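Chains A and B, in that order, are what the protein sequence lines are.
Numbers 580 to 932, taken from my numbering, label the letters of the first sequence in order.
Numbers 1017 to 1492, taken from my numbering, label the letters of the second sequence in order.
Everything labelled a hint here was simulated from the structure, so no lab data went into it.
Each hint should be verified, as a subset may be incorrect.
Below, a sample of chain B positions facing chain A; criterion: calculated Cβ distance under 10 Å [said to hold, decoys possible]:
#: 1; residue: Asn1198
#: 2; residue: Pro1201
#: 3; residue: Asp1204
#: 4; residue: Ile1206
#: 5; residue: Asp1265
#: 6; residue: Ala1267
#: 7; residue: Ala1268
#: 8; residue: Tyr1270
#: 9; residue: Asp1309
#: 10; residue: Tyr1310
#: 11; residue: Ala1406
#: 12; residue: Lys1408
Keep in mind that this is a model prediction, so the values were computed, not measured.
For every residue, glycine included, the Cβ atom is placed at its ideal position computed from N, Cα and C.
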Amino acid sequence: MKKLFYGLLGALTLGLSLAGGVSSAAENPKELRIAISSAGVGGKPKFGGSWVANVHLKGLVEREFEKDGIKVVWYLFPGAGPATNEAFSNKKVDFGLHGDLPMIVGRATGLKHKIIIATGRFGPLYFVVPSGSTAKTIADLKGQKIGSFKGTNQQLVLSRLLKRNGLAEKDFRVINLDGYASRTSLATGDIGGTITSPWSLEARGVAKRILEVRDDKFINTPVTIWVGEEFEAKYPQIVQRFVNVLVKEAHWSSLEENREEQFRLWTQSGNQYADYKNDWEGYALKDRHSPLLDEYYISTIKKSVEECKEFKLIRKDVTVDDWIEPKYLNTALKELGLENFWPRFDAQGKQIN
Amino acid sequence: MSKKTRLATAIFAFSGAAVLSAPAAFAAEPGAEDLKRQIETLQRTLGELQKQVETLQQNSNGATQNDLDGIRSDFENYKYDRERERERETAKTARDTTLFGTVQVRYQAQDRGTRSGNPAPNGDRYNTFDIPTALIGARGNLFRDYVEGKNLEYQLSFSYNKRADGSNNANLNLLDAYVRYNFLPTVDGIEGDRLTLTVGQQLLPFGIEAQAAEDLRPTITTATAPAQLGLFNRQIGAVFRGDFKPYVDYAANYRAPLFEYALGVVNGSYSNKLDNNNGKAVVARTAFTLPVDYASWLRELKFGLSLYKGSKNVAGAGGGNLDSHGRQDIYGFDIYYNHAPYGATYEYWQGRADFANVNGVGTGEARSVGHTLTLFYTFGDQFFNSIKSAAKFDDFWPQSIQSYYRFDYYNPNSKGDLLNTPGHGFDTVRIHTLGFNWFFAQTTKLQIGVNHYDYKHETASRKDYNEFLAQLQYTF
Chain A
580 MKKLFYGLLG ALTLGLSLAG GVSSAAENPK ELRIAISSAG VGGKPKFGGS WVANVHLKGL
640 VEREFEKDGI KVVWYLFPGA GPATNEAFSN KKVDFGLHGD LPMIVGRATG LKHKIIIATG
700 RFGPLYFVVP SGSTAKTIAD LKGQKIGSFK GTNQQLVLSR LLKRNGLAEK DFRVINLDGY
760 ASRTSLATGD IGGTITSPWS LEARGVAKRI LEVRDDKFIN TPVTIWVGEE FEAKYPQIVQ
820 RFVNVLVKEA HWSSLEENRE EQFRLWTQSG NQYADYKNDW EGYALKDRHS PLLDEYYIST
880 IKKSVEECKE FKLIRKDVTV DDWIEPKYLN TALKELGLEN FWPRFDAQGK QIN
Chain B
1017 MSKKTRLATA IFAFSGAAVL SAPAAFAAEP GAEDLKRQIE TLQRTLGELQ KQVETLQQNS
1077 NGATQNDLDG IRSDFENYKY DRERERERET AKTARDTTLF GTVQVRYQAQ DRGTRSGNPA
1137 PNGDRYNTFD IPTALIGARG NLFRDYVEGK NLEYQLSFSY NKRADGSNNA NLNLLDAYVR
1197 YNFLPTVDGI EGDRLTLTVG QQLLPFGIEA QAAEDLRPTI TTATAPAQLG LFNRQIGAVF
1257 RGDFKPYVDY AANYRAPLFE YALGVVNGSY SNKLDNNNGK AVVARTAFTL PVDYASWLRE
1317 LKFGLSLYKG SKNVAGAGGG NLDSHGRQDI YGFDIYYNHA PYGATYEYWQ GRADFANVNG
1377 VGTGEARSVG HTLTLFYTFG DQFFNSIKSA AKFDDFWPQS IQSYYRFDYY NPNSKGDLLN
1437 TPGHGFDTVR IHTLGFNWFF AQTTKLQIGV NHYDYKHETA SRKDYNEFLA QLQYTF
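Bound-form chain B, shown alone (with noise of 0.2 Å):
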């Protein structure tokens, strides 16, 4: 029985007992003095019923109007508080956006003089302070499907780029600009399978480092073969990405997709710019996945193929188009492993691609070869999802360090020469690498690197050498 009920009680039993007890005095008559003593007793049991009730009141749990009043003030205030910040200090969309950004500040350092990146008038340099890269974009979603997750979702990003005129200036480049959508659920957790259409500007569907934006990369510099086969330059088209028969372990909230593939157009001609002939260029990816446990030793080892197809002008001695509808097609072939702390990546690629011969007249093919293979170990916890996420009331992130080791070949032209390129390999470059990245916060790593350039012929302008790369780099 509750105070407040007891108290209810008492009072009734308190009336009901001096309702019962009229009777009674009138049948008795009661003198002057007696109604006196009643009513003083009457006073008295009322008195301490006022205490009671004022006890009760003063150690009640319940609110009081006071209470409900001081409340509501408070979301008054907070109400106008949150209108007041709106509308003079929050910056707003017509839609759900993140802003993103990525920041590379990098000191290199190398044993050999080198002009490269200036016009003349220069002189030689043995270390420089760079910026790399600087991109600031925009990310979130036009229409989302709250019951099926079909969501169609958006990026814009834009990046500065050095101009080699001499300047002091830069120019802003668009990255990405396209629309996502998803055409089957995304609400179903990680049991369902994945499909979604890409259009516009965007990274091409190829290998696994051409695929990973800027701020994911992991070494510094980038493999040759996908840098100078322009892997990594965005192109504008539509592209499908999906995956199908997801293998799941729920010990462990791991998704393995069995396969996942890729389909698209583009225009060929890179990013920013119309196509420049009449032949689009076909992109396709197909990778399979391992079905194991996450305990497995074998878990997240992916095998996949790529494929580029285009066509492109070849160039003439003079500047004039020989072919529209040359050869440029790209075959790529990966391994994909990591078993953290471990991890391994293996990738090698084939370009065919038409010149004008050596003479000027008709064109040939170069075909160019490269490999690139890369062994991380990890000190820490920053791959480990558990540890990542756990509850935390600081801004704790795990610390770790990624060391890894990296070969990098690249034969531009393993056949005869053509024009402007060299065959039998003359241009060959083994890179050897050594290296580790700190993450010391949630999106900020500072990177640190040995490169040894190895190449197979050195002329008067191009020796042996070695270089040492410091990074910072954050993202936001």
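With the rest of the complex left out, here is chain A (with noise of 0.2 Å):
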């Protein structure tokens, strides 16, 4: 039996000793580990609202990486951005889908990631209560709760959105619920608001706007898909084909003549059909489907990064122009000829070109 004690010991000490061999070995690695924060209704593995929907609905990754072996693994996070962020810390995805808060909390608490290419901006916001509130305006909801999903980019637009109103997080009561639990309290009149959309709910009469902005471009910030500094270090062309599929489906979605088809693809999210159709109405594709670096993301990260110090959701400071590596964007703008297909906007939100 004492044989076997020890045994078991070495068998534990080799085992631990080639597990820390093999990885380091390979030349190509064996996964491409995909986060996502976020995911389709009910925790579906399915999401939608962007042309990363399509890349992983249509498995266009997959096929780029399937003669060389590489398995693409997806992680549709129904925790959003703080999942992102945990998956990361403990090195179990390479890239990663944020909104600007997790991504930016998740930098100022040592996370070592790169942002290679942004994938959606602009768009609309509603704040929405119960269809029997009285409340017209948000500041009516005063001492009242007000769901919010803390920690994701909801949590940063509903503070800029109170502040623009003259009010503050501390004149409510924000309670932490994800996205979903958000819309049920407002169907049992849980919660007094919240940012959601309101088209479903509003069709089924559990719910109305009392607010909509539909023009503002720094009410939503754009999001990002960043790759952790290893990873990028060690397969630098692996990142390049990966954002060579993304932008090629980014233009793709961006033509308006895709538009019903990938609203139509999108509600495979559990989403309905209507929901998008009205977020997207009066946009123009290529605007939104942006996935460029260009000065208006760099901007609105920086002021974000503000925000995150203003309304003390990071400790330690972000800077953001050692953050984005642009390289992989650009070469795969030259070789698919997009260089000039998407408008650039400045800082302050003027198209430029």
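From these two lone chains plus the hints, build me the complex, please.
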């Protein structure tokens, strides 16, 4: 039995050594692990609302790396941005899709990644209350409970919205609810209001908008895809091929003739077609689907960093210029002849080409 | 302009044209041929419009009356099915209830024969199958506060126990039987403080392992000191538990309460028993967790202090009670570190309890000491909230293998000899354990472990030995 005891100990030690040795010897990664800070309705492993969703739903990354035997693993996290950070902290993912707040907070706490491409910008914002609510403005909800998925970009959006209305989080009781729980709570009247898409709730008669913002380019900030620094340093050619796949699909999604088709595609997430149709009504696909890391993108991320400090959401400073690595995007745009396809915007949100 | 609007406009235009053309017709006083042609033209136009209406109706995305009737029928059928299922096939309770249970199936083998657990007549055995745990319970809430989340909750559970009387029967003993009230809101997410009061039979808030329910204990066999000191026994009483000043890292939804505390009063006579003297036992605990971000290597590093101060009845040589207020104190210190894939726990216990002196006159104090160090390394994603909650269609759960080494030490009495309690560390035991837990489904694990028991003093009936354990545990 003593032999068994020490034999087991030896096997464990050998196992640990082998586990350490195999990964460092590989030329190509065995897996390409992508974290998406979103999931479908009820935790469904499909999402919509961006061209990244198309890439996932069509299996485009899988197709690109199939010939190399590289397995592509998508993690769709109902826990959103914080879950992506947790997974990256523990070296479980190589690429991540993030809104500004969790990405900045993660960076402030020491997570090392490089921003390689933007995935979406602009878009509307709605503040929604239960259908029976007497509130006409957000200020009417002072002292009441407001649902917000803390740690996600929605927390920062809410802070911005409140500030623009001369209010602050302390004027309300902001409780932590994920997006779907917030919508359920609106229907049951457990919260006074929240930021969410109103269309299907209004169709069911359970909620109504008291505020709609469609033309403010700085209320919703761009969504980002980053790559872990370690992975990027080790496999730059893989990163380039990955970005090429993304840019190609961003182009397809930006063509107006594909508007309806992609909305239909996104309904696989469980969200209704009408939600997408109404949310994208009046916006040029090219504007919202832009993958560019232009002046607008850089300035909004810098502003978000300042807001994180102002709202005391980060304890350490975050520098932006050394965080962005545009070479993969620039190469992809050049190779695909799309350098001038998407409009560029300046720091004030004005189109410059 | 919608199709229906266009159609309405066309009809309106047509009607308008017809009306406008009427005075002109009267003015020109047309003949019968003209009127006939006009009627034919009108009939053709009407036929074309009729076709357009039919085409629009066929292509329309709007619901027809038939569609609505179909949906209504489906709803009625669904309601009927639900009602019938609920009536005939659904277990119902008066309040929100979740049933749960834990079962352990074990095989153990050892290199020395034993007869423990069986009354005479019996023979030595070197291996056996066993069901060490089978418990079932229910938990839920008695009052749900939708506004603040100050809920009133309950838990009730029972566990079987083998009888050592030679029969093939078992007892079903009460384990947990308590109600718990949340004094502070629980709907504020991870930023808020916590405070609960638990009244009834419950686990004691002492150290790390003694607080863990049966299904959450990391090793097959428990640490010796808390087992010998009675800390795994549930007790009846009232205990406040809470924490304050949580350090929150929203980057990873990580909550580290700066201070945790517990303070309670229990009978001190263990489970399913009235108090056996007039002295209550006080149990207290405080723990401090480092306020660092989730990404820090120091995350989940916690230091804890625990105290149990009770009164015991000291039995004399003839079984009589020498002292109803004998000392029964336990002091504890613990360190917990969990930075997956690495983890480590260390617990120290010191017990001070009165026993009768060897000569049966008066009492003396026994001082027991225990240490347990456990080191973990996990292969797999079992302990990452992000990965295990990732969206999947199937019954996904990340598989993991958690390997561990444990050193366990217990000296029941480091002071002088007392009645039935040898002193000077005579009964000291050291146990080395090497094992792993294979989590292969959400609530099921296979545990394999090898124990080496090393006694300070071997006797005729107590020799060093080695033990192999394999245990399958499932919970539901």
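Going through the hints against the structure:
1. Asn1198: violated, 15 Å
2. Pro1201: At 9 Å from the nearest chain A Cβ, Pro1201/B passes the 10 Å test, so the hint holds.
3. Asp1204: Status holds, d = 6 Å.
4. Ile1206: Holds - the Cβ of Ile1206/B comes within 10 Å of chain A, reaching about 7 Å at its closest.
5. Asp1265: holds, 6 Å
6. Ala1267: holds, 4 Å
7. Ala1268: holds, 4 Å
8. Tyr1270: holds, 8 Å
9. Asp1309: holds, 4 Å
10. Tyr1310: This hint holds: Tyr1310/B lies near chain A, its Cβ roughly 6 Å from the closest one there, short of 10 Å.
11. Ala1406: Result: holds, 5 Å to nearest chain A Cβ.
12. Lys1408: holds, 5 Å
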